[in-house]
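Assemble the complex: chain Y is given as a structure, and chain C must be docked to it using the hints.
Chains Y and C, in that order, are what the protein sequence lines are.
Counting in the working numbering, the first sequence runs from 1 upward without gaps.
Counting in the working numbering, the second sequence runs from 1 upward without gaps.
Don't read these hints as lab results, they were simulated from the structure.
Values in this document were obtained by computation on a predicted structure and should not be read as measured data.
Worth double-checking, as some hints may not be accurate.
What the hints assert, rightly or not - Think about it this way: if two alpha-carbon atoms lie no more than 30 Å apart in a straight line, the pair counts; the simulated BS3-like pairs of lysine-lysine are: (1) C:874 with Y:70; (2) C:874 with Y:73; (3) C:255 with Y:125; (4) C:765 with Y:125.
What the hints assert, rightly or not - Taking CB as the label site, the calculated pair distances span: (5) Y:61 with C:640: 50 to 58 Å; (6) C:123 with Y:127: 18 to 26 Å; (7) Y:92 with C:127: 48 to 56 Å; (8) C:66 with Y:78: 20 to 28 Å; (9) Y:76 with C:766: 37 to 45 Å; (10) C:874 with Y:67: 28 to 36 Å; (11) Y:103 with C:888: 51 to 59 Å; (12) C:118 with Y:120: 37 to 45 Å.
A virtual CB, placed ideally from N, CA and C, is assigned to each residue, including glycine.
What follows is each chain in one-letter form.
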Amino acid sequence: MTSTNHPHGRMACVSRRQMLILGGSAVTVVALPAGDVLAQVKKKGEPKPKPTLVKSAYEPKKIVPLAQIKPRKPIEFTYPNDDVTNILVKLGERAGAGVGADDDIVAFNTVCPHMGGPLGAEVYKPEHSVLGPCPLHLSTYDLTKHGMLLSGHSSDGLPQIVLEVRGADVYAVGVMGLIYGYDRNPITA
Amino acid sequence: MTIQSGPFEITSVPLPPKDAEVLTTACAYCTVACGYKVYRWPVGRSGGSKAAENALGVDFPTGAALQPWISPSQHNIARHKGRPHHVVVIPDYDAKVVNVGGNHSVRGGTLAQKVYNPNSPTRDRLLYPMIRVAGVLQPVSWDLATEVMAEVSKYVLSKYGEHAWGMKTYSYEYFENTYAISKLVNVSIGTPVYAPHDKPQNAEDAAGLDDAGINSFAASYEDWRDCEVAYLSGVDPYETKSILFTEWMMKGAKKMIFVTPHRTMGVAYGEQNGGLWLPVIPGSDTALHLALARIIIENKWQDQAFIDQWVANQWDVEAGYGRGTRNTRWQWRTTWGAFQSDWNDFQKWIMKEEAAELQNAAKITGLSPELIMKAAEMIAKPKADGTRPKTSFMLEKGNYWSNNYMNTATLATLGLLCGAGNRPGQVISRGGGHQRGGMGAGGGKGWLSPEKHPGRRKKALNVDRWVMDGNVRFFWTIGCTWFAAMLSSQELQTRVHELVRSNPHQPRNINKDHLIETYKKRVDTGGMVLVDSDIYPVEPLNTQIADIVLPAAGWGEADFTRCNSERRLRLYSAFNDAPGDAKPDWWAIAKFGQKMGFDGYDWKSSNDVFEESSRFSRGGVLSYHVLVTEAKKQGKKGHELLRELGTDGIQTPIRLVDGKMVGTKRLHDPVNKRGEIEGVTVDQKWLHSFDTHSGKAIMLKASWKFAGWIDFYEAVKPRKDKGEIWITNGRVNETWQSGFDDLRKPHLSKRWPWPWIIIHPDDAKAQGIESGDLVQAYNDEVFVQTGAPIGVLDKDLTFTELRKNGHIKVTTGQFTAVAIVSDEMRPGVALASFNYPGAPANSVCHAVPDPVSGNYRYKLGRGVLSKVGSSVYKTSLTEMSLKPRPII
Numbered sequence: 001m002t003s004t005n006h007p008h009g010r011m012a013c014v015s016r017r018q019m020l021i022l023g024g025s026a027v028t029v030v031a032l033p034a035g036d037v038l039a040q041v042k043k044k045g046e047p048k049p050k051p052t053l054v055k056s057a058y059e060p061k062k063i064v065p066l067a068q069i070k071p072r073k074p075i076e077f078t079y080p081n082d083d084v085t086n087i088l089v090k091l092g093e094r095a096g097a098g099v100g101a102d103d104d105i106v107a108f109n110t111v112c113p114h115m116g117g118p119l120g121a122e123v124y125k126p127e128h129s130v131l132g133p134c135p136l137h138l139s140t141y142d143l144t145k146h147g148m149l150l151s152g153h154s155s156d157g158l159p160q161i162v163l164e165v166r167g168a169d170v171y172a173v174g175v176m177g178l179i180y181g182y183d184r185n186p187i188t189a
Numbered sequence: 001m002t003i004q005s006g007p008f009e010i011t012s013v014p015l016p017p018k019d020a021e022v023l024t025t026a027c028a029y030c031t032v033a034c035g036y037k038v039y040r041w042p043v044g045r046s047g048g049s050k051a052a053e054n055a056l057g058v059d060f061p062t063g064a065a066l067q068p069w070i071s072p073s074q075h076n077i078a079r080h081k082g083r084p085h086h087v088v089v090i091p092d093y094d095a096k097v098v099n100v101g102g103n104h105s106v107r108g109g110t111l112a113q114k115v116y117n118p119n120s121p122t123r124d125r126l127l128y129p130m131i132r133v134a135g136v137l138q139p140v141s142w143d144l145a146t147e148v149m150a151e152v153s154k155y156v157l158s159k160y161g162e163h164a165w166g167m168k169t170y171s172y173e174y175f176e177n178t179y180a181i182s183k184l185v186n187v188s189i190g191t192p193v194y195a196p197h198d199k200p201q202n203a204e205d206a207a208g209l210d211d212a213g214i215n216s217f218a219a220s221y222e223d224w225r226d227c228e229v230a231y232l233s234g235v236d237p238y239e240t241k242s243i244l245f246t247e248w249m250m251k252g253a254k255k256m257i258f259v260t261p262h263r264t265m266g267v268a269y270g271e272q273n274g275g276l277w278l279p280v281i282p283g284s285d286t287a288l289h290l291a292l293a294r295i296i297i298e299n300k301w302q303d304q305a306f307i308d309q310w311v312a313n314q315w316d317v318e319a320g321y322g323r324g325t326r327n328t329r330w331q332w333r334t335t336w337g338a339f340q341s342d343w344n345d346f347q348k349w350i351m352k353e354e355a356a357e358l359q360n361a362a363k364i365t366g367l368s369p370e371l372i373m374k375a376a377e378m379i380a381k382p383k384a385d386g387t388r389p390k391t392s393f394m395l396e397k398g399n400y401w402s403n404n405y406m407n408t409a410t411l412a413t414l415g416l417l418c419g420a421g422n423r424p425g426q427v428i429s430r431g432g433g434h435q436r437g438g439m440g441a442g443g444g445k446g447w448l449s450p451e452k453h454p455g456r457r458k459k460a461l462n463v464d465r466w467v468m469d470g471n472v473r474f475f476w477t478i479g480c481t482w483f484a485a486m487l488s489s490q491e492l493q494t495r496v497h498e499l500v501r502s503n504p505h506q507p508r509n510i511n512k513d514h515l516i517e518t519y520k521k522r523v524d525t526g527g528m529v530l531v532d533s534d535i536y537p538v539e540p541l542n543t544q545i546a547d548i549v550l551p552a553a554g555w556g557e558a559d560f561t562r563c564n565s566e567r568r569l570r571l572y573s574a575f576n577d578a579p580g581d582a583k584p585d586w587w588a589i590a591k592f593g594q595k596m597g598f599d600g601y602d603w604k605s606s607n608d609v610f611e612e613s614s615r616f617s618r619g620g621v622l623s624y625h626v627l628v629t630e631a632k633k634q635g636k637k638g639h640e641l642l643r644e645l646g647t648d649g650i651q652t653p654i655r656l657v658d659g660k661m662v663g664t665k666r667l668h669d670p671v672n673k674r675g676e677i678e679g680v681t682v683d684q685k686w687l688h689s690f691d692t693h694s695g696k697a698i699m700l701k702a703s704w705k706f707a708g709w710i711d712f713y714e715a716v717k718p719r720k721d722k723g724e725i726w727i728t729n730g731r732v733n734e735t736w737q738s739g740f741d742d743l744r745k746p747h748l749s750k751r752w753p754w755p756w757i758i759i760h761p762d763d764a765k766a767q768g769i770e771s772g773d774l775v776q777a778y779n780d781e782v783f784v785q786t787g788a789p790i791g792v793l794d795k796d797l798t799f800t801e802l803r804k805n806g807h808i809k810v811t812t813g814q815f816t817a818v819a820i821v822s823d824e825m826r827p828g829v830a831l832a833s834f835n836y837p838g839a840p841a842n843s844v845c846h847a848v849p850d851p852v853s854g855n856y857r858y859k860l861g862r863g864v865l866s867k868v869g870s871s872v873y874k875t876s877l878t879e880m881s882l883k884p885r886p887i888i
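Here chain Y stands alone, though its shape is the one from the complex (with noise of 0.2 Å):
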């Protein structure tokens, strides 16, 4: 992660980097063009204009078939952008915002969100379903639960890729919570 990947100002690199899809997932937001809005306002009790297009900030990424993934081995992939690695993980159990058959497909973000220590597979707790102890200060994160603070210091949750079943592959298509050293979270695939 370096500074060096962002050599424009953030907001220019959304509005050019800004892609329309159609339907809803976690991170959309319902936009209309500023006018529509004010005619709205103006012209109360009419009928509403249908909200025709929704914005993401991230762009899909397909992760892996879901045939490949295997219970409790954790897949290791980059998103939103290269710089930012995370996890996929079949976990076993029913999980927030789990996708598959079982509900128990996830994916996190592996830098810990207290000081920004390492949390890769190596400290995957299948048994447990837990990501940690984090080697800095022993932070961990229960998976089953969109990565809340288990035990440990971070003041928010372990950032969760927000992961869709598209036929066949598993997608990665948002992110929920603030990357670790980001002021905003990266959008360049």
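Coordinates of chain C only, in the frame set by chain Y:
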């Protein structure tokens, strides 16, 4: 405003612009008191992600660990001078002390969420003074509230005397407030009816340490880093003093010995690094200490050179009755030295003490003899090269709130045998609970207490009991939960409710004359008028019971000062407006004092109180008098000079050496040479030697079968025929504050939305309990001491004698919590969340004080567990993790 209404919706934080104001403070919570910085700037703009564009001077993304960063929970929108401002509260990444490099806990890391914001769960802050009319609190003015309080107080004092007017307040919430409280209680009202938040009476926490001549806060954090072996009694600093553990204790090769029935994350780390877990049966620590002492002496592993130099011999002891020739508390409580010993005497005594024999101690403590032997070797056995391990001894609530006097006395002796007490890396000290913010105003009317130690010697008044017996007519609580923090909680709160709310004289309007008249009738019919000051609604103290409720301004809303557990003094800067009409407690005390017609309550600012209080700090371990006099010399305010010291602050007692302010790293250490202290400070023996008449530490002998302990312990043990187990109580990291601010912080309330109880699988299985089930803990025989018993003969305050003489009442107690079934507990011991709103785990504990020290045995609850049903958290995917803690 950064609100997390769902899991992790926030994916950005505003950065402080270059011109953001920066103020320093320290954490509001645990005793470690990490340094923090507050960045404040008006709403409407933010800084940029380039280092040159933000006040942190950092490029975002930062790209590496341990860099300054702002998490979503570290930002909020506050009001400053009435205008909305961004505030970012982050650890001081430039810190060279305490939280070096910006380390922080989950408590301090979420400080910004404590800031009042009506769009957040802090919206329930108390905003106005209120008076209860027809059962419901109604807003009134400060003048009306304090005038009514003053008129009723004057009436009570003139008709019933000072014994009918009492207070119970925090002992730690900043020097300005505690000084004002002390001035009111001790000087102006002059009542013995006062107790701090955590005790039923106004006396020492760890009296055994005091009697050995050791100050409870003698150590510096670097001592916990520099020791090679840490013996941790009734404490896991990882859970309750996180930065002391992660920033100091995890540095350097170190073996940790944890004595606690709960295998926490700190314990798991300790075991992984060559340490030991000694899962003692609650209350049995003294037998463990005695056995360790005996093994050490039998093997000649004691630090003889240290003992020869620093431990009192018979002559030293007898020359001054051990602690001194004066008539002091030490003599009163120990019946003129019944516990005192010396090196020669102790060696003989320990060989005759049954409980010190390894097999006996193993039976009492529930530990294997091998484990006890291993611990003895680790703390005391000289290495192959003949050098000794540098061992330090830490104690906290599991130690001194289970067998108060004996556990502290025997731990002090064990530490002295190992050569600890006054050297780098070799200390005997409390880890600390709250920070150190108590300052007295001199005087004190403890001698008016009707209670007496054996021999009719002075003993502090047990305020709970005094209230329950109907002796108090006007009572004021400030910043505490009272019932849930004391014992037999439900009995206490039921009785207070009866005295206050069940009395027929209840106000029907807020006209001053009517209020005063009604309250006078109340007190004349045996009732009590109750005032409570706090920042939030406190269930049930001010929500259901108090007549008058006063809104307090707290951390970040007024300039305050306080020390941490290495006596480091810092300024806690005000950075946002207090909500509504909330005022600092010193202001409320001043307002009341003026209405009472007392002199000396005309402070205009927090600094005025600080400067007035400084001369009362002189001579104490928290002395800041030098700072205030130096500030005056420089034409500055005391607070301003302290502000210049930022998050470094200075360790008290502050001394003047060669015209410069000097802090004190460690107490009792001979490097603090005699004669350094001149002028505005006084020489104190405890600076450079132990706090005894001879300057040498006293070895104390406490027999396991001491009559003031053993009959009580036998009576409160779980009764197997009833299916009872020990139900002790404690804290874990993420809800250290027992659901106070915690429940107003989305990150923490999601983690612990409800009180918990951790149960071993064997105990859970017996009751069909699974993780996530709601469980009732019920004790059908809770002992409560009544009356104000007077000790004449030695045996008079023992449990058996009290019972015989009608001073023990039997009641019941229960609470309900969410089960976490995990083998992290010793079988037969469950741990419940302490002092959690609505679930007072202390209800199943016995309100019978240690007759030596007057403190309760808070951790010795018992009861039967039964399943109530499933909680919503059993299946929730967003709230309350039920996983075990020590996953490593």
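Do the hints match the structure? See the list:
For the suggested pair residue 874 of chain C and residue 70 of chain Y, the alpha carbons sit about 26 Å apart, so the restraint of at most 30 Å is met. A C-alpha spacing of about 26 Å is found between residue 874 of chain C and residue 73 of chain Y, which places the hinted pair at or below 30 Å, so the restraint holds. For the suggested pair residue 255 of chain C and residue 125 of chain Y, the alpha carbons sit about 25 Å apart, so the restraint of at most 30 Å is met. A C-alpha spacing of about 25 Å is found between residue 765 of chain C and residue 125 of chain Y, which places the hinted pair at or below 30 Å, so the restraint holds.
A beta carbon spacing of about 55 Å between residue 61 of chain Y and residue 640 of chain C agrees with the range 50 to 58 Å that was offered as a hint. Look at residue 123 of chain C against residue 127 of chain Y: about 41 Å separates their beta carbons, and that is not inside 18 to 26 Å. A C-beta distance of roughly 50 Å is found between residue 92 of chain Y and residue 127 of chain C, which places it inside the suggested range of 48 to 56 Å. Roughly 22 Å separates the CB atoms of residue 66 of chain C and residue 78 of chain Y, a value that falls within the hinted 20 to 28 Å.
Distance hint check for residue 76 of chain Y and residue 766 of chain C: the Cβ-Cβ separation is about 44 Å, which falls inside the suggested range of 37 to 45 Å. With their beta carbons about 33 Å apart, residue 874 of chain C and residue 67 of chain Y fall inside the hinted range of 28 to 36 Å. Range check, residue 103 of chain Y to residue 888 of chain C: about 28 Å between beta-carbon atoms, so the 51 to 59 Å window is missed. The given range of 37 to 45 Å is respected by residue 118 of chain C and residue 120 of chain Y, whose C-beta atoms sit roughly 42 Å from each other.
Of the numbered hints stated above, those contradicted by the structure are hints 6 and 11, listed in ascending order.
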